[in-house]
Amino acid sequence: MVGDVDGEDFARARDGDAAARALGEVDILCSSHRSKRNGRMPLPTAGADGKPLVLLTQPLFPDFAAALEGRYRLVLAADADAATAGEVRVLLVPGLKVVTAELIGRLPALELVVATSVGVDHVDLDACRRRGIAVTNAGAAFSVDSADYAVGLLVAVLRRVAAAEAYLRRGRWATDGKYPLATKVSLTCQIFHTTSLQNSGLLHQKEMALAPPTQEAAASGYHQDGACKPLVLLADPLIPEFEPELSARYRLLPVVRADAATVAWARALLTVDLPAVTADLIDALPALELVVASSAGLDHIDLAACRRRGIRVTNAGGAYSADAADYAVGLVVAALRGVPAADAYVRRGGWVANGEYPLANKVSGKRVGIVGLGRIGSLVARRLAAFGCPVAYHSRSPKPSSPYKFFPTVRALAADSDVLVLSCALTEETRHMVNREVMEALGKDGVLVNVGRGGLVDEPELVRCLREGVIGGAGLDVYDKEPDVPTELFAMENVVLSDHRAVITPESIGGALDIVSGNLEAFFAGKALLSPVTL
Numbered sequence: 008m009v010g011d012v013d014g015e016d017f018a019r020a021r022d023g024d025a026a027a028r029a030l031g032e033v034d035i036l037c038s039s040h041r042s043k044r045n046g047r048m049p050l051p052t053a054g055a056d057g058k059p060l061v062l063l064t065q066p067l068f069p070d071f072a073a074a075l076e077g078r079y080r081l082v083l084a085a086d087a088d089a090a091t092a093g094e095v096r097v098l099l100v101p102g103l104k105v106v107t108a109e110l111i112g113r114l115p116a117l118e119l120v121v122a123t124s125v126g127v128d129h130v131d132l133d134a135c136r137r138r139g140i141a142v143t144n145a146g147a148a149f150s151v152d153s154a155d156y157a158v159g160l161l162v163a164v165l166r167r168v169a170a171a172e173a174y175l176r177r178g179r180w181a182t183d184g185k186y187p188l189a190t191k192v193s194l195t196c197q198i199f200h201t202t203s204l205q206n207s208g209l210l211h212q213k214e215m216a217l218a219p220p221t222q223e224a225a226a227s228g229y230h231q232d233g234a235c236k237p238l239v240l241l242a243d244p245l246i247p248e249f250e251p252e253l254s255a256r257y258r259l260l261p262v263v264r265a266d267a268a269t270v271a272w273a274r275a276l277l278t279v280d281l282p283a284v285t286a287d288l289i290d291a292l293p294a295l296e297l298v299v300a301s302s303a304g305l306d307h308i309d310l311a312a313c314r315r316r317g318i319r320v321t322n323a324g325g326a327y328s329a330d331a332a333d334y335a336v337g338l339v340v341a342a343l344r345g346v347p348a349a350d351a352y353v354r355r356g357g358w359v360a361n362g363e364y365p366l367a368n369k370v371s372g373k374r375v376g377i378v379g380l381g382r383i384g385s386l387v388a389r390r391l392a393a394f395g396c397p398v399a400y401h402s403r404s405p406k407p408s409s410p411y412k413f414f415p416t417v418r419a420l421a422a423d424s425d426v427l428v429l430s431c432a433l434t435e436e437t438r439h440m441v442n443r444e445v446m447e448a449l450g451k452d453g454v455l456v457n458v459g460r461g462g463l464v465d466e467p468e469l470v471r472c473l474r475e476g477v478i479g480g481a482g483l484d485v486y487d488k489e490p491d492v493p494t495e496l497f498a499m500e501n502v503v504l505s506d507h508r509a510v511i512t513p514e515s516i517g518g519a520l521d522i523v524s525g526n527l528e529a530f531f532a533g534k535a536l537l538s539p540v541t542l
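Taking this note's numbering, the leading residue of the sequence shown gets 8, the next gets one more, and so forth.
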């Protein structure tokens with residue numbers, strides 16, 4: 008008999024109480040296993056000091072020892088005399104020490120084996136089964152970390168990370184050029200999994216059909232204390248920074264796991280990253296009244312479908328504006344001054360071997376054109392004006408309060424700019440607004456910086472224009488089909504690349520959480536939303 012920690016031990020596992028996960032109160036830890044002798048949970052035999060006796064296969068980890076020594080009489084198996092062995096009812100296995108049939112046979116009163124690991128292949132389960140001895144593991148405590156590490160290993164193998172690093176460390180970058188490109192992760196993964204492993208073989212099942220052990224409890228929508236929490240459907244998984252606060256106040260349920268009854272009365276949908284919120288998804292939620300986005304942009308949401316249904320939409324743009332503007336300025340400086348290329352040159356020994364890296368362009372005095380003078384664009388303008396850069400802009404209409412020159416078209420703005428910064432939203436009207444004509448107007452010394460959305464730029468034309476010298480360089484934080492970046496860009500020293508991180512800092516995540524939480528609170532209280540979007 009093998010059982011996982013369940014009930015309130017899941018909560019303790021999430022809270023990091025490793026010792027409680029491993030042993031805890033035995034009657035809670037093994038709530039699904041009852042002693043055949045009396046129908047109750049096996050409790051460790053108490054010693055003279057009143058503490059229950061627990062036998063250890065090996066010394067405890069320091070964290071475990073600190074938590075358990077005050078509650079149990081812990082005795083190493085190697086130190087136990089015959090009398091002690093005869094009264095042991097619980098065996099704790101802190102590592103992967105083999106628990107053999109011989110050891111089990113020397114413990115005639117044994118009723119429970121507690122493993123602190125996920126796997127229990129080091130425990131003779133047949134011997135336990137014959138004796139009716141219950142076995143538990145701590146799998147739930149390790150699942151997330153194991154999954155994270157598995158993904159890390161997958162990326163490392165497919166992208167040949169270790170081999171590439173060793174290549175660089177041996178100095179071969181300077182002598183032989185860059186390490187060959189490795190396999191792309193996002194285009195090579197087909198996901199298969201097994202839900203059961205039996206003598207008859209592997210049984211495969213779609214993930215959508217899987218239910219977590221606590222789904223029945225989650226479906227009730229009640230706290231442990233009985234208080235009902237408002238239901239919020241999730242379009243995608245929560246980021247760790249959001250989970251504690253939101254899960255304490257709302258019943259959060261992934262939309263892919265919601266049954267028909269739940270879907271029928273869900274009023275709020277939360278989108279954390281950039282999953283597509285399509286018209287089909289919206290139509291499948293007949294009671295939906297609110298879509299809460301934790302992003303600034305909303306191009307992943309079918310706003311027309313929301314408009315038709317009268318569904319309100321909020322975003323968290325205000326949380327990201329300053330960080331995005333700072334990063335845009337950083338990309339301008341990095342692209343004009345060739346910062347990453349110079350850094351790589353120094354790292355590969357080029358300075359010692361060949362002298363200083365070639366001079367790059369001055370930032371101060373460059374004419375800057377900003378496409379989209381909203382919150383982010385306005386902050387970019389103020390920052391670059393402080394560099395002594397003349398600033399102009401293009402928006403849907405002139406801003407009467409703006410001190411900067413307005414251009415009615417993107418092409419006209421590009422023709423009067425040395426640097427073109429994109430900070431506007433992606434819509435059908437703005438998609439591919441920066442095409443070859445605009446880049447030709449920007450000119451052979453011009454630099455394009457994009458912190459808006461990748462779809463604002465005709466990406467294949469951008470690659471060609473960079474390769475042909477139509478423009479001088481680019482600083483790109485966003486791409487048309489993220490996370491797929493055109494591989495041609497990797498070999499270009501006049502391009503600065505980053506992975507859509509302009510808006511992300513610990514502070515901006517905290518600000519976004521405040522806005523998301525505030526919008527949900529206002530909605531369920533019938534109050535005005537904090538950041539409603541005009542549809």
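One thing to keep in mind: the hints can contain errors.
[To be verified] BS3-like mimics (lysine-lysine), calculated; alpha carbons at most 25 Å apart, straight line:
(1) 373 / 488
(2) 373 / 412
(3) 369 / 236
(4) 488 / 534
(5) 451 / 406
(6) 406 / 369
(7) 534 / 236
[Said to hold, decoys possible] Estimated spans, in silico, between C-beta atoms of each pair:
(8) 104 / 333: 30 to 36 Å
(9) 125 / 358: 17 to 23 Å
(10) 83 / 532: 53 to 59 Å
(11) 128 / 495: 46 to 52 Å
(12) 357 / 450: 27 to 33 Å
(13) 371 / 489: 29 to 35 Å
(14) 132 / 500: 58 to 64 Å
(15) 359 / 389: 22 to 28 Å
(16) 315 / 394: 30 to 36 Å
I should point out that these hints are in silico values taken from the structure, not numbers from a laboratory. Here the structure is a predicted model, which is why all the values come from computation and not from measurement. Even glycine gets a Cβ: it sits at the ideal position worked out from N, Cα and C.
Status of the hints after comparison with the structure:
1. Of the supplied pair hints, the one linking residue 373 and residue 488 is violated, its CA atoms being roughly 31 Å apart against a limit of 25 Å.
2. Restraint check for residue 373 and residue 412: satisfied, since their Cα atoms lie roughly 15 Å apart, inside the 25 Å limit.
3. Of the pairs offered as hints, the one joining residue 369 and residue 236 is violated, with about 57 Å between alpha carbons and a cut-off of 25 Å exceeded.
4. With a C-alpha separation of about 38 Å, the suggested pair residue 488 and residue 534 falls outside the 25 Å cut-off, and the hint is violated.
5. Note on residue 451 and residue 406: the hinted pairing is violated, with a Cα-Cα distance of about 30 Å set against a maximum of 25 Å.
6. Pair hint residue 406 plus residue 369 does not hold up; C-alpha atoms about 29 Å apart against a cutoff of 25 Å.
7. Proximity of residue 534 to residue 236 is assessed by CA-CA distance (about 18 Å); at most 25 Å being required, the pair is judged to hold.
8. Taken as a hint, the range 30 to 36 Å is violated for the pair residue 104 and residue 333, whose Cβ atoms sit roughly 53 Å apart.
9. For the pair residue 125 and residue 358, the supplied restraint of 17 to 23 Å is violated, since their beta-carbon distance comes to about 49 Å.
10. Taking 53 to 59 Å as the suggested C-beta distance range, the pair residue 83 and residue 532 conforms, at roughly 58 Å.
11. The hinted window of 46 to 52 Å between residue 128 and residue 495 holds, with their beta carbons roughly 48 Å apart.
12. Between residue 357 and residue 450 the Cβ separation comes to about 29 Å, which falls inside the hinted range of 27 to 33 Å.
13. For the pair residue 371 and residue 489, the supplied restraint of 29 to 35 Å holds, since their beta-carbon distance comes to about 33 Å.
14. For the pair residue 132 and residue 500, the beta carbons lie near 59 Å from each other, so the given range of 58 to 64 Å is met.
15. Between residue 359 and residue 389 the CB atoms are about 41 Å apart, so this pair departs from the stated range of 22 to 28 Å.
16. At about 45 Å, the CB distance of residue 315 to residue 394 disagrees with the hint of 30 to 36 Å.
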